[in-house]
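Peer 1: The residues making up each chain are set out below.
2 protein chains.
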Amino acid sequence: MANTSDVYKSLEPLFRPKTIAVLGASADPGKIGGRPVQLLKDFGFKGKILPVNPNYEEVQGLKAYASIKDIKEPVDQAIMAVPARMAVQVAEDCAAQGVKSIVAFTSGFAEMDADGEKAQIQLSELARDSGMRILGPNCLGVFSSQDASYSTFTASILDGRPKVGPVGIASQSGAFGSHCFVLARERGLGMRYWVTTGNECDIGFAECVQFLAEDEETKVILGYMEGCRDPERLYEALSLAHAKQKPVIIMKVGGSDVGAAAAASHTASLAGSDDAFDSIFDKFGVYRATTLREAIDISYACSFGVYPKTDRLGIVTISGGAGVVMADAAAEYGLNLAPMPTKVQKDLKELVPFAGTRNPVDTTANFFNDWTVLTKFFEAMLEKGNYDAIASFFTYFAQSDAMSEKLMEAIRPIRKKYPDRLMALSIYGTRENIAKLENEGILAFEDPHEVIQAIAALYRFRKGFSQKLPTPPKIPASTPSIPKKPLNEYDAKRLLKKAGVPSGRESLAKTPADAAKAAARLGFPVVLKIVSADIQHKTEIGGVVLGLDSQTAVRKAFNEIMARAVKAAPNAKIDGILVSKMMGGGVETILGTYRDPVFGQMVMFGLGGVLTEVLGDVAFKVAPFGRKEAMDMIKSIKGYAVLAGARGKEPADVDALAAALSDLSIFAAANADTLESVDVNPFIVREKGKGGVALDALIIRQSN
Amino acid sequence: MANTSDVYKSLEPLFRPKTIAVLGASADPGKIGGRPVQLLKDFGFKGKILPVNPNYEEVQGLKAYASIKDIKEPVDQAIMAVPARMAVQVAEDCAAQGVKSIVAFTSGFAEMDADGEKAQIQLSELARDSGMRILGPNCLGVFSSQDASYSTFTASILDGRPKVGPVGIASQSGAFGSHCFVLARERGLGMRYWVTTGNECDIGFAECVQFLAEDEETKVILGYMEGCRDPERLYEALSLAHAKQKPVIIMKVGGSDVGAAAAASHTASLAGSDDAFDSIFDKFGVYRATTLREAIDISYACSFGVYPKTDRLGIVTISGGAGVVMADAAAEYGLNLAPMPTKVQKDLKELVPFAGTRNPVDTTANFFNDWTVLTKFFEAMLEKGNYDAIASFFTYFAQSDAMSEKLMEAIRPIRKKYPDRLMALSIYGTRENIAKLENEGILAFEDPHEVIQAIAALYRFRKGFSQKLPTPPKIPASTPSIPKKPLNEYDAKRLLKKAGVPSGRESLAKTPADAAKAAARLGFPVVLKIVSADIQHKTEIGGVVLGLDSQTAVRKAFNEIMARAVKAAPNAKIDGILVSKMMGGGVETILGTYRDPVFGQMVMFGLGGVLTEVLGDVAFKVAPFGRKEAMDMIKSIKGYAVLAGARGKEPADVDALAAALSDLSIFAAANADTLESVDVNPFIVREKGKGGVALDALIIRQSN
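Chains as they are written, first to last, in my numbering: chain B, 109 to 812; chain G, 109 to 812.
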């Protein structure tokens, strides 16, 4: 299958160049214009290296050109290692010459000052107008390990090239990207591409992910992200990765307030709220890593390409203690430690009388004299126990070549016989011995807990791959628009009712007589509430009276409320008093929307009361979304059990709740340009089949 | 200061032997009786090695004795590497000979079968009667790195001896203890003692911790624990460690159900509930590690002996990205990223115009030409920023000897000038270059997140050391005892009221007239409840009627309740009907007690409703405890804000709540031998100054 998307085609010369020009090439490999020449030469880049420097005939033994204009052949990629003041001119020359892409190491742009920002905009415009793609500026470059196209000036690579493998790494930070590269290399991670995006004048992080998702040889995507400029592109990239069943592991930083401030000060990217990122990662099945170690470990696990079909995990160890550690971790990550079949347990006991045989299985150290015992244990677990993943503890066996070899002999036949099962070890030893295990398709981790964490991640990916991504709901033509005037509670509820968020029977009364008549029509008891777009805290000013059960009481309350409102807010425009039938029972929830600076309209959901206000047990999702997604959102909060019928209550009408949430998200999306926020609090969810009802609602328009 | 406790004195010959006999000494270093002889010889044990084997004149070049009886000099420690069938006899010979301690490698005891268990009991009795201490059986041994007394048969040590340092390691698992040793050694952890306790026929984990706490040269204690046999000893050990300001880091496993089952099947130790362990670790300031990596990392950090005085953390990096990662982590662990003083920020900007100067401080890569810039940044942060800890990111600088040296030169003066400040780096490189940093007192971690996690742990230890441990409250003679009869609600409340858990005004009525009279006396409205020790679910059978506001209503309700109770539970002994004044307002809480199999009486506290029942937001504490500890417990739940006055409510009377909890804990401790459980649900906490009141209570006696 050919890769044919426009994005792929435009980025291919950058990621897989056949000809690389180095603008500002230097004879000194310690300089940013010298390092890539050295790397490309020494590490065996098969394509052409064309140094450009007007001051030299030759650079590091290669013929040098005075200018890009002197190069008469097609150039896939030009490395820009010239001073910032020359950058725009040089880029223009490249574009004129038909250069397909630039890797701009040069710094001194938006990260520096206003002049730099102006120059960066010129680069953006040049890229847009010419079609020449630009990586950076102010970036550490890009490489393809397979092609040895090391267009980077990171010194980290001097200590060792990476193992060629299926992982593509994209980072918005150069230094952090290098650190990631080093730790990944030392971890034995097989990587194919590595790219740092710098100031992103043209090529952004999301586009790199898109390239990696489309590239046939890349199987795993590891990203470091500080912000997002182009949410649509990110959705597209993640959607493609999902379609191609490629796991995406992202370390998204700046989640804390102080972290976000630090991120904002050092990149120009908008952060977007952390809730929005979580919602998007969740939707596309992205694994969000907290630490770099975790990000690399999970990518490492994915690079083996074996994803357990079920959550059935078998643990077999040579130490009871390690079994307990792994069992605890399995419980933490929700894996299923199904016990071994009783009959098989008996067989194993005959083999090793004091073995633990349930699961975790403990072979004890009895196999030291006969390693085939180990083979038999593994065989029993995979064949009879039918586990889709096996986690095993062999402590420091890989320190010794002899032990390593025996272990390999014992488990190699099993690895070969069950290629679709995952085999992951907690084992310590020399890189060489570990590499031998890895080459057979066996995963190795030092820490027993981390083995289990990785297995859980692999299973989660498999589950995610098997599920179709939700298709965004259509926005019906009938979705109401927000009028250009302040909306009082009555207006807001009517608008939301049209949008699909139900509210109860109610009437806006202008006089005590109106109110009394309405109450009689609605049925007692009723509640009266002041209606004014200028009064948002109705209760505080005595603008709400509950439990009125006669026309007389209603008339009296009408007058009292009016008097209090006029006193408390003499300048408020009062639209009347709302008469509503009182509702009993049901579960109190809160629905709302707000605007995220990057991802736009977001919907919020939580239970009312302490759960939302004290514990912050709420869920967020980018609008719009359908009912199935709304249901996932409802089930994701900790307090979901209350809706499901905890504490002896009737199960609540979560279908109606999901419909309201989805419809609210569609309403928000349809009014994305004018809506600031919606607050439906409370939204009462009644018993199954009885629907839900908004008791209060507030809609705020954007102020501009 | 001399170490003089009896425990210390009795264990000193084990931990620091001058003469070691090896019973079952072998010429083959691959055998368990040969390995220690080899290790003691090769690694330079300065004391005497006395091989014992009747079949040889000489073992590994050392004169061999036919029997322990032939050794005419005092033996501190005898390694037992003989078959299980000989173990008891050999141990008895040792005791008769005055051997001070045995390290019993021999397996085949309680972990194997009933005969083995019997033999193990003989060993226990021998130890108790003779005063000779026994480690194991079925253990991997013990070593002191300083004395090179490697009385172990773990092969792990053949790959390298540990760095001598301040950490003492105690493990209940041999294989896991070895794995811990290997990873700790490779991490560069300086360790002094390592001990594995095996079947614990005599010496238990807690006693080892106690020895390490008392030992002057041990500064940090790292433990792996599966269960606890002797809670009092553990309290004593942890209390001593606290008094000596020694951090204790414990990886306690078996926290999950399946993990606990696995632990129970492979050791004989009782697990104790995880909540109880958490409560104890919390009390003594123990750091509970989830992963082995975390346990080793935190121990490593502690081994430097610098504990930040405050939570003020300065971050200085050469990469904005790493700064964001560290800032996120600082937020997660609650460290204070106070900004640099404005004036100093200006100075730094003059030094490096594009530096980030707030905190995180980003030097950018500008110091490569002048490393004194780095010195100036560090100086400014410690001198003017006044941070007690500095976290810094230098990526893979330690890969290069030259870069390492420059970095050392730049920061060494700072390290020397501010010895009481913590300096921790995220840096990758060769072990040699990392060791140079460590030797200067600078901490090194690969992962930037993990630097911050460690700093937070160090600060937490410092805070813990500065606080006195709570003294257990006295149990007053007036504490009521539980009578030997089933207790109905009325009895339970009266008993608890005597114990210090208040309940409201109420009266037990036998007739409708009694009830009506009582109601008039108490004041309306009242609630009526059936009282019978045989009926625990009163509400379900219609045994509770609320809101009665007249004598007529009370008489009617009395008869109805009685009729329903007789119908629902014809055989129940009915003691009458409880008339209580109805209470309004306040915050609903739940107090309770239960028995932990290891730690005894435990007190539980939570808010009523969803928080406890759905979210499990509850706190536990081992009884008894005082009011200050009770207050800590109250504040530890997530829903504490509700009591503190969230959602516009009055703050609740938490002092009264703390008093009730503490008094309940004293009541439980005083009745430890007869009490099964107490359930006070709900306990209403009223407004500040108005106290609390138990609305319902259930006390259950132990069934034996």
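Keep in mind that a hint or two might mislead.
Heads up, the list lumps identical chains together, so a pair's fine if it works in one copy or across two of them.
[To be verified] Here are the computed lysine-lysine pairs in the DSBU-like style, where the Cα-Cα straight-line distance is at most 30 Å:
#1 LYS757 x LYS689
#2 LYS171 x LYS681
#3 LYS743 x LYS149
#4 LYS525 x LYS117
#5 LYS391 x LYS664
#6 LYS746 x LYS391
#7 LYS177 x LYS582
#8 LYS391 x LYS154
#9 LYS798 x LYS689
#10 LYS593 x LYS646
#11 LYS757 x LYS576
#12 LYS746 x LYS625
#13 LYS544 x LYS681
Don't read these hints as lab results, they were simulated from the structure.
Peer 1: Hint numbers the structure violates, sorted upward?
Peer 2: Checked against the structure, the hints that fail are numbers 2, 3, 4, 5, 7, 8, 11, 12, 13, while the rest are satisfied.
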